[in-house]
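**Student:** Guided by the hints, dock chain B onto chain A, whose structure is given.
The listed protein sequences derive, respectively, from chains A and B.
Residue numbering for the first sequence follows my numbering, starting at 1032 and increasing by one per position.
Residue numbering for the second sequence follows my numbering, starting at 87 and increasing by one per position.
You can take every hint at face value.
Derived lysine-lysine pairs resembling DSS-like cross-links, with alpha carbons at most 25 Å apart:
id	chain 1	residue 1	chain 2	residue 2
1	A	1068	B	246
2	B	110	B	161
3	B	161	B	178
4	A	1037	B	178
5	A	1037	B	169
6	A	1037	A	1068
7	B	169	B	110
8	A	1068	B	110
9	B	178	A	1068
10	B	161	A	1068
11	B	178	B	246
Calculated from the model, a selection of chain B residues having no Cβ within reach of chain A, i.e. all distances over 12 Å:
id	residue
12	193
13	194
14	230
15	267
Derived from the structure by calculation, the hints contain no laboratory data.
Virtual Cβ for every residue (Gly too), placed ideally from N, Cα, C.
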Amino acid sequence: MNNRLKILRAERDWSQATLAVHLDVSRQAVNAIETGKHDPSLPLAFRIARLFDLSIEEIFHDEV
Amino acid sequence: MMKFEKSDPNQSESAPSSTTRMVKIGICAVAYAAALFILIWFENVAESGLSYGLEATLVLSAAAVVVVMPFLWMKALGLQETKGTPVAPSTKRSRQIIAICGLFGFAWGLLFFLAPAPFTETNWSEISLFSNSPLSPILATGSAIILAIGLIYLSIEWRKSADEHERAAVNAGMYGAIFFYSVATPVWWIMQRSMLVPAQDPMIMYVLVLIIFSAVWTYKRGE
Chain A
1032 MNNRLKILRA
1042 ERDWSQATLA
1052 VHLDVSRQAV
1062 NAIETGKHDP
1072 SLPLAFRIAR
1082 LFDLSIEEIF
1092 HDEV
Chain B
87 MMKFEKSDPN
97 QSESAPSSTT
107 RMVKIGICAV
117 AYAAALFILI
127 WFENVAESGL
137 SYGLEATLVL
147 SAAAVVVVMP
157 FLWMKALGLQ
167 ETKGTPVAPS
177 TKRSRQIIAI
187 CGLFGFAWGL
197 LFFLAPAPFT
207 ETNWSEISLF
217 SNSPLSPILA
227 TGSAIILAIG
237 LIYLSIEWRK
247 SADEHERAAV
257 NAGMYGAIFF
267 YSVATPVWWI
277 MQRSMLVPAQ
287 DPMIMYVLVL
297 IIFSAVWTYK
307 RGE
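Next up, chain A with everything else stripped away, as it sits in the complex (with noise of 0.2 Å):
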């Protein structure tokens, strides 16, 4: 799955560390988003959504 993860946050100026403490989970959970090497589970995709004031499907998108 592709995300806009990583824009998101560099609009903002935060580091995956940074992310990860408002989402409250690892930095590496943060890169495995990132890199489409982790789907998040929906409760994490709504905290996401929330954060940045977006809609899941402005965030994530499948990659066909």
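**Tutor:** Positioned in the frame of chain A, the structure of chain B alone reads:
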């Protein structure tokens, strides 16, 4: 709302490539397994045939590898954070529980190593963590209960505090470990029946399963 300092979003956050991580984990796992096998072998062999000096050097080197390797393992995979990096509360808690597990294991090992004679039925020199020498019922029952309750409690607490990526990495490690066990055990058993290999040693199998679990866990965690 918490305030965060702005930091370079492009700081070195990319994990090493899959091949690099696999090679590094492989080297660490083999070195760790070799060190543990040396310790187990010396604990269970009455007369190694080696000189005292060589035997002491091998055992001390193996013990040093066992103690130092977990830190090198994490460092090689880039899983150690730089000082000052902000850490999420859940990550902090899961790390604390892992540290408690390490201390718990160390204390447990120390108890076996230093167990005084009244608690054992063997000579003091024969008591150690990896030895198969007999234990008194008090020491065996007590340590088994502490180990079982402690491990279950810490595992549940850790699982509650770890984030979903970490839990997924642990699940993958468990899957790899049980798969390895379900293949290696019958293969060893069949080979042993035709006298091609020695009889199965439960401690060696336990160590191998734990090493496979740790290798897959840390590999997936570093993704």
